[in-house]
Amino acid sequence: MALDGASLLAFILESFGYGIFFVLFIGCMYVLVAKPLKASPGARPKILVPLVVASLVFFVVITAHWICNAVRVMEAFVIKRDDPGPLLYYANFADPKYLLKVVLWSIEAVTADLVMVYRAYVVWGRRVSIIAVPSLMVLVAAVSAGVLIYQFSILELGVDIFVSECGRWIVTCFSMMLAFPKNKHHLHRHVFEILTTSRNIGHRLGSSGLGPIVQVVVESAALYAAAVATTLFLYIGRSNGQFITLEILSPMTASTPLLPPVAGTEINDMSHRASSLAWSSSALEWASMQTARKVKDTTAALRGAGTKARDTAVGCMARPV
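36 is the number of the first residue of the sequence shown in the numbering used here; add one for each residue after it.
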């Protein structure tokens with residue numbers, strides 16, 4: 036496939052992905068901000084500020100990325116269709132708008148990885164040693180992205196991107212992105228243990244299970260890893276199809292962290308609170324408090340029933356025949 040055709044198809048598919056991301060973003064803002072504010076003061080969960088900030092960063096960066104691609108499509112096929120033409124226009128990787136797009140995509144990828152590091156930090160009891168390796172991987176990916184942007188800025192027109200100096204840094208960036216989902220799955224196995232415990236509590240309290248939440252968390256990371264691997268293999272195979280999967284990665288990278296909170300809205304209130312165990316220790320405290328309160332109420336009710344039965348029995352014994 037020619038570079039100009041691949042770039043046009045990539046923009047169309049990115050537009051579909053952006054629409055899906057926009058719906059997820061609205062749902063995520065409702066779950067993380069609007070729903071807690073609607074709750075009564077006594078049962079109001081803490082607003083997860085890091086996730087709210089990350090969601091806003093995703094929205095700004097992805098929207099800017101989509102606008103940048105829209106402008107490039109307009110210039111390539113309308114404004115500059117005769118001089119220099121779509122093919123030569125997209126072959127200029129040193130174009131400031133292309134560099135801006137790479138910068139935005141790098142910010143998005145690093146932000147998504149930082150969200151996963153934050154979740155691991157919370158789930159593992161805020162132990163710094165747990166996030167040492169993932170944090171180092173994020174740092175390597177960020178440095179590689181910075182060097183890659185510089186290499187693109189000095190790339191001369193007509194140089195084959197598949198054999199240029201940018202190649203090693205492209206492979207490094209995608210290798211780091213491909214390795215990071217393995218840590219996500221490692222995290223999800225432990226999240227599954229937490230959610231299983233909460234599900235057992237939920238069954239005792241009459242709540243539904245949390246299978247859909249675990250499924251969404253695991254499958255979203257798997258889908259992300261598959262897209263990254265496909266992009267890397269297409270680049271190694273020197274196929275322009277990598278430009279298509281690369282643009283699809285933009286909304287997909289941000290959708291991965293936003294999927295689990297939005298999916299929680301389809302479950303009842305207790306299950307939704309329990310699903311927040313993966314995102315915040317404050318939610319864990321909330322669930323524990325609610326469970327302890329229900330256990331206390333149940334114990335008090337049983338004691339009351341036992342006292343009433345005892346008084347009735349004593350009254351019957353004391354009543355003259």
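Derived by calculation from the structure, the hints in this document are not laboratory data. Warning: the hint list may mix true and false statements.
Quick list of simulated restraints, FRET-style, between CB atoms [stated by the list, open to error]: (1) Asp118 with Gly40: 35 to 41 Å; (2) Val88 with Arg273: 37 to 43 Å; (3) Phe197 with Ala105: 23 to 29 Å; (4) Pro85 with Ile114: 38 to 44 Å; (5) Leu48 with Pro76: 27 to 33 Å; (6) Gly181 with Leu72: 21 to 27 Å; (7) Ile47 with Gly160: 43 to 49 Å; (8) Ala261 with Ala129: 28 to 34 Å; (9) Gly272 with Val88: 35 to 41 Å.
Within a straight-line C-alpha distance of at most 16 Å, the following computed EDC-like cross-link-like pairs (lysine to aspartate or glutamate) qualify [unchecked claim]: (10) Lys132 with Glu110; (11) Lys115 with Glu200; (12) Lys115 with Asp130.
Remember, predicted model here, so these are calculated numbers, not experimental data. Backbone N, C-alpha and C fix where the C-beta goes; we use that ideal spot for every residue, glycine too.
Status of the hints after comparison with the structure:
1. Asp118 with Gly40: 35 to 41 Å: This hint is violated: roughly 19 Å between Cβ atoms.
2. Val88 with Arg273: 37 to 43 Å: Distance hint for Val88, Arg273 holds at roughly 39 Å.
3. Phe197 with Ala105: 23 to 29 Å: Taking Cβ atoms as reference, Phe197 and Ala105 lie about 26 Å apart, which means the hint holds.
4. Pro85 with Ile114: 38 to 44 Å: For Ile114 against Pro85, whose Cβ atoms are near 41 Å apart, the range 38 to 44 Å holds.
5. Leu48 with Pro76: 27 to 33 Å: violated, 45 Å
6. Gly181 with Leu72: 21 to 27 Å: violated, 39 Å
7. Ile47 with Gly160: 43 to 49 Å: Given a distance of about 45 Å, which is inside 43 to 49 Å, the answer is holds.
8. Ala261 with Ala129: 28 to 34 Å: Given range 28 to 34 Å: holds, Cβ gap about 31 Å.
9. Gly272 with Val88: 35 to 41 Å: holds, 38 Å
10. Lys132 with Glu110: holds, 11 Å
11. Lys115 with Glu200: Distance ~28 Å between Lys115 and Glu200 Cα, so the pair is violated.
12. Lys115 with Asp130: The hint holds at about 14 Å.
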